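> Listed below are the residues making up each chain.
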Amino acid sequence: DTAVSQTPKYLVTQMGNDKSIKCEQNLGHDTMYWYKQDSKKFLKIMFSYNNKELIINETVPNRFSPKSPDKAHLNLHINSLELGDSAVYFCASSQMTGETQYFGPGTRLLVL
Amino acid sequence: AQSVTQPDIHITVSEGASLELRCNYSYGATPYLFWYVQSPGQGLQLLLKYFSGDTLVQGIKGFEAEFKRSQSSFNLRKPSVHWSDAAEYFCAVGLRTGGFKTIFGAGTRLFVKA
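For the protein sequence lines, the chains are A and B, in the order given. Sequence positions in the first sequence follow our numbering and run 1 to 112. Sequence positions in the second sequence follow our numbering and run 1001 to 1114.
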């Protein structure tokens, strides 16, 4: 039983393409997050959604658009991919209070 | 601005030896404090957390951490390291800013010698 799952696990694409990463959690949580981990392992929050509403948006370029169709899903769509978007993207979920977050396995994006 | 500093980029210890990973934070109030572990190619797993109360907190896998307000530190310790502990360790601060925002340190990579 995977608590937080992400698809795909690996994504290799060309510059300028548009791609999506999907995240699903079966923990009954109402808050979900996207994090970006760069090549130096630095991990930074991008977005946070609570009950399908955006509550944190950390100055991420507007090429990145999160979408939450329901509380259990938070997808990340990226337009016009750039080389600098290459990273590992982690989804996480928590109860609304947010203190204990459960992370997915990550999606490794490589932009060529 | 809030920040988390992990001064050691990597640490090597022998199996069976004790371990201490350092973490300092910058924040005006007592924050929520966390340690996460990331094994190669994996997501992050929460080892332990501190919100209030007893400043020595116990976590999973035999880890513990001590909050020292005077030093703005939250160091992670383990009395005897196992080879399976080799991983990346992240200290983090949690803040309530409308939502709950977690700020991570840069991580410390732990190598374990046989």
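Please keep in mind that the hints were generated in silico from the structure rather than gathered at the bench. No experiment lies behind these values; they were computed from the predicted model shown. The C-beta atom is built at its ideal place from N, Cα and C for all residues, glycine as well. Accuracy of the hints is not assured; some may be wrong.
[To be verified] Result set (EDC-like, lysine to aspartate or glutamate): computed pairs, CA atoms no more than 16 Å apart in a straight line:
# : chain 1 : residue 1 : chain 2 : residue 2
1 : B       : Lys1101   : A       : Glu24
2 : A       : Lys52     : A       : Glu24
3 : A       : Lys41     : B       : Glu1064
4 : A       : Lys71     : A       : Glu58
5 : A       : Lys40     : B       : Glu1088
6 : A       : Lys44     : A       : Glu24
7 : A       : Lys41     : B       : Asp1008
8 : B       : Lys1049   : A       : Glu58
9 : A       : Lys40     : B       : Asp1085
[As the list claims (entries may be wrong)] Computed spacing ranges between beta-carbons, pair by pair:
#  : chain 1 : residue 1 : chain 2 : residue 2 : range
10 : A       : Asp18     : B       : Leu1056   : 48 to 58 Å
11 : A       : Ala3      : B       : Arg1096   : 32 to 42 Å
12 : A       : Asp18     : B       : His1082   : 26 to 36 Å
13 : B       : Arg1096   : A       : Arg63     : 27 to 37 Å
> All hints are to be evaluated individually against the structure, with a verdict given for each.
Status of each hint after checking the structure:
Of the supplied pair hints, the one linking B/Lys1101 and A/Glu24 is violated, its CA atoms being roughly 20 Å apart against a limit of 16 Å. Between the alpha carbons of A/Lys52 and A/Glu24 the distance comes to roughly 13 Å, so the proposed pair stays at or under 16 Å and holds. Restraint check for A/Lys41 and B/Glu1064: the C-alpha separation of about 23 Å exceeds 16 Å, so the hint is violated. A hinted pair counts as satisfied when its Cα atoms are at most 16 Å apart, and A/Lys71 with A/Glu58 does not qualify at roughly 20 Å.
For the given pair, A/Lys40 sits about 12 Å from B/Glu1088 by alpha-carbon distance, which is consistent with the 16 Å threshold. A hinted pair counts as satisfied when its Cα atoms are at most 16 Å apart, and A/Lys44 with A/Glu24 does not qualify at roughly 20 Å. About 14 Å separates the Cα atoms of A/Lys41 and B/Asp1008, which keeps this hinted pair within 16 Å; it holds. Of the supplied pair hints, the one linking B/Lys1049 and A/Glu58 is violated, its CA atoms being roughly 24 Å apart against a limit of 16 Å.
A distance of roughly 20 Å separates the Cα atoms of A/Lys40 and B/Asp1085; the hinted pair therefore is violated under the 16 Å criterion. The hinted window of 48 to 58 Å between A/Asp18 and B/Leu1056 holds, with their beta carbons roughly 49 Å apart. Checked against the hint of 32 to 42 Å, the pair A/Ala3 and B/Arg1096 fails, with Cβ atoms roughly 24 Å apart. Checked against the given bound of 26 to 36 Å, the beta carbons of A/Asp18 and B/His1082, roughly 44 Å apart, lie outside it.
Between B/Arg1096 and A/Arg63 the beta carbons are some 29 Å apart, a value that agrees with the proposed interval 27 to 37 Å.
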